[in-house]
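Protein chains in written order, with the working numbering: chain A, 7 to 269; chain B, 67 to 389.
Since the hints were derived computationally from the structure, they do not count as laboratory data.
Take the hints with a grain of salt, since some may be wrong.
Claimed, not checked - Subject to a maximum C-alpha distance of 25 Å in a straight line, what follows is the list of computed DSS-like cross-link-like pairs (lysine-lysine):
hint: 1; chain 1: B; residue 1: K326; chain 2: A; residue 2: K263
hint: 2; chain 1: B; residue 1: K346; chain 2: A; residue 2: K263
hint: 3; chain 1: A; residue 1: K162; chain 2: B; residue 2: K314
Unchecked claim - Take a look, some chain A residues computed to stay more than 10 Å from chain B by CB distance:
hint: 4; residue: R35
hint: 5; residue: D37
hint: 6; residue: Y40
hint: 7; residue: H98
hint: 8; residue: T187
hint: 9; residue: A204
hint: 10; residue: L211
hint: 11; residue: L216
hint: 12; residue: A221
hint: 13; residue: E252
Even glycine gets a Cβ: it sits at the ideal position worked out from N, Cα and C.
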Amino acid sequence: MEILVCVKKVPDPAENEIVVSRDGSDIERDDLVYSVNEWDNYAVEEAIQLVEEHGGSVTVVSVGDEESDEIIRRELAMGADAGNLLDDEAFHYSDGRGVAAILAHAARRGSYDLILTGAQAEDAAAQVGGMLAAMLDVPYASLVVRVRVMDGKKLKIAREIDGGNLEINEIDLPCALSIQTGINEPRYVGIRGIRKTASVQVPVLGAAQLGVDPATVGEAGAKVRKLDYFVPEMGEGAEILQGSREEMADQLIARLKGRGVIQ
Amino acid sequence: MVHQVFIYVAHRDGQAADSALELLSAARILSPDGPVTAIVTGWGEVLDRVCQEMASRCPEVWKLAHQDLAYPNAEAVRKCLVEVLPSEAVLLLAHDTLGMDLGPGLSVKLNSSFVSDVVAMTAPRDGALTLVREEYGGQVSTHVSCDISGGAVLSIRSGAFPALEDGAPGEVQDRSSEIGDLACGRRFLEIVEAEAGDVDITKEEILVSAGRGIEDEDNIEIAEELAKALGGVVSCSRPIVDAKWLEKARQVGTSGKTVKPKIYLALGISGSFQHLGGLKGNPFIVAVNKNSKAPIFQVADVGVVDDLLEFVPLLTERINSQR
Ligand SMILES: Cc1cc2nc3c(=O)[nH]c(=O)nc-3n(C[C@H](O)[C@H](O)[C@H](O)COP(=O)(O)OP(=O)(O)OC[C@H]3O[C@@H](n4cnc5c(N)ncnc54)[C@H](O)[C@@H]3O)c2cc1C
Ligand SMILES: Nc1ncnc2c1ncn2[C@@H]1O[C@H](COP(=O)(O)O)[C@@H](O)[C@H]1O
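The shape of chain B in the complex, shown without the other chains (with noise of 0.2 Å):
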């Protein structure tokens, strides 16, 4: 059976998310040649100028206007979706942290399957798709297969699917009508901006990135020694800034900052997505882990396999005495 393929299009500043035209090339795997859906919640303006944009790329767009969905509240948009969906529809979206918080529970709504952090699928067979996710932070990759006879809520990974350059324009359908009552426990307040840190790591073309592998917070000084030689700055990995360690500033990642240096020494950090996607620019990466087969060390340009907390010291020895 031919199930309606969907997208959901997050937005900001009146601008669709890169993540649009990655769910639209992976639609594409699910849907050949059938029709796609993108569907564009939000208010005002903004909302048309999205919409828009959509409807050069995508065959059919979905303009869902209301006064509760100006800030994307995955409560409210998870009410405004199950009303407007058809029985059996597979929902794209991102995993992204809106994606998270709306697709499980959309899909409970909807009583379809769930498939989260998608990084790769296959053309549905008998109902089933087969699709492939990571675990322990990318250590390893699983196939899942998930029934998708009953429809099916799918997230996916930035940068997992490329990004749809080909899409055929289309036209935008308001279907605002459709939306019911969208009150809900839940109420946007505002946002609040990360503080900034005393340095700016965005800035720095060599940083020396500390992750959990550097064990205790006195071991900091490891990484700032060898930053100082290479006339770099250090940052870090998450775990790092969990426990206080280093301030939020110094964080790299998607939560974090997004740097753009032009080399990067991981310093004990596995390589998680969340890690990886806020490094950009393509820089010369240098890992050092005690574990081969860290995830880090296929992104990484050069590895060193060795405890850091014996070759960092000696590798800055070496340096500053080559000066």
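Bound-form chain A, shown alone (with noise of 0.2 Å):
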């Protein structure tokens, strides 16, 4: 089975406090802790496990800057088998809709029986496995967390929806899947693991080689687009308790005595 993953670099939420940048433009970047997006780990790992029970290989994708080769290097690490940095100036500043479509023309350069997105990343929206899905004409669902391949036809997978009831269908392939959390155990990439891969030179690859039109992605072809960052105004807040730690114990055993909870 040949599969072909998406992967965005973002800021760690675990590293990192996300604040607004002064001017509101943007978040404060200096000395923000880059990982991959969490749901693409998890994809990465699907991949993986799939292609050591069925064959083929994993290669993973990113549409990002000069330095999201570093993700890329890191899923290789883990087992990935090939990787490319989709980046180029028309790229830049795309919306949802320009992302999908450059993943897409990367996807045709191919021929994939299963493309994997994560379910959403940290700093976007959920959109871009659906759209990437439609742009290419292939059956899609997301919030996958559980894969079984079928015949080489067909996979059965299960959908997590609400309540964390599973929904059970049968998609044919080739089709996309988003990846939901929990679906496997990522593995462990250690120091001497990324070691390995710290050579490896990643192929970029811009417009031109993907056959991109400028015009249609990056700020130029955008509809959607990011005014400001700001952190809006909520009621009142929680009563943020001060003091030492033992005096904000106590403060909080009398909050919990004046409910009832500890006599």
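Take the two lone chains and join them into the complex the hints point to.
So, in structure tokens, the structure goes:
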């Protein structure tokens, strides 16, 4: 099975406090720690497991800047067979539709049985996977938490819906799936693994190589644009306890007593 | 130019989802005086019931009946909507597991703009709409402008808009004859219900809930000790279940359990809308988080900005020593 996995570099939410930049045009990006979007890591692991069981290869692609090759190398260290960075001046400030269009061109360069994306990106909108599938005219299912290969022609998949219930579907290959967290346990990539791929040159493909019309992507093609970042004023918010750790604990105990939790 | 505004109504067991009335009030922002059309797809008697229900609140209801729509398979629903929607339509749908499945691909096939998970918007001007979305689990918000001159598909967050209570009644139009062939590459087989766990967190009055901030499987014990001291049980956010540190039945949220405790202690939980979506009944919320800007503090009653790994053991010890 030939599998394409779309991965995105995002600020790691576990490592950063995200704050709005002074002029509100962006988030504060100095000192941000970046990593692979959490959902995409599950997608790559799923692809590797499918190939381990059924043969084939895993290719990862990312639309990003010149520093995004680091996440592609990380996925190579994890076990992906090949990776491409899709980068071009013309791609900058693409909206979701633009990113999906660039990825669609990359997908058409190969003949993939399965295309995986994450269900959503930390900084985005749960849109690219479904758009990509529609552009490629292949069937799509989102929020997938289980994949079984039925025969060479179709998969049996489970989508996770409300309440953790599973919706079981059959889907024809080739198809695209967006992967939900928890589908597997992504393997650990240690320093040694990363080091092994450190010298790999990740091929970069631009608009010309991909056959993307620059007018349809990037800022030029965007119908959806971010105007600014802000932090909304929300109601009163919590009463934030003050003082030493011991004092905060005692104040909290008093509040809980007031609620009858502690006698 | 005036766009025709539609809402797509999700339903179950012959009842419209709560999101339907919220979509209607969001649609009013787009079309303050113009009509709004509710689209209901499905099959059989349950479909008729939902259409009637919507007709009591909405001036126009399009019924789209087809056997392949008996279960809302997004691929089939998409095909159906592409055939019946006029060009340049603006369609609102819920940002739920069906909306996530349906919206992005639909916008591509309609060749219209798409914005997901909208929490606020203002009336359109000059063919553009300004909307508010959140990023990074609600840590920051953005204003987004969306060109709707060629139509748009917008998915709306649950609870972001009030339910419309005073919608004028209307008529059901059966448009099923416009539906063409819906055969598609994805077929619905069955629903498998989530497994029950060894505790039922939906019945508990005191929940001590662990999030990714607990950092390590061994630290779950810290939450368990506090729960014991308070006479409650441990629940958690999704990453804890993904890591297999606790069973799925302990997960609070839209893809987990809906709980209604009296007291909810959120330890190292950022407060994403999917997590908070499972927290009902207006509990007294205590949040412990080392990030003072975590969104959970906006909904909590009492907040402690501290390292939970230090604070919670101390808290537990002081509770126990007061016995
Ligand atoms: C379709 C869908 C359905 C979903 N359903 C659910 C659901 O049902 N339930 C759910 O919970 N999520 C759900 N999610 C995931 C959700 O989007 C968030 O990713 C998740 O809720 C985040 O969990 P968290 O708050 O524990 O982790 P994070 O967002 O990573 O937050 C961790 C918090 O811990 C704090 N912290 C870190 N270390 C410490 C420390 N030592 N002391 C104190 N604080 C610390 C950090 O400041 C941070 O605020 C769903 C997502 C999707 C796409
Ligand atoms: N710039 C990108 N490069 C590669 N894949 C992407 C990119 N942006 C989004 N994706 C994929 O689409 C999924 C959903 O992202 P989004 O729609 O932006 O929330 C991600 O999990 C990725 O798999």
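Q | Ascending list of hint numbers which this structure does not respect | A | 8 and 13
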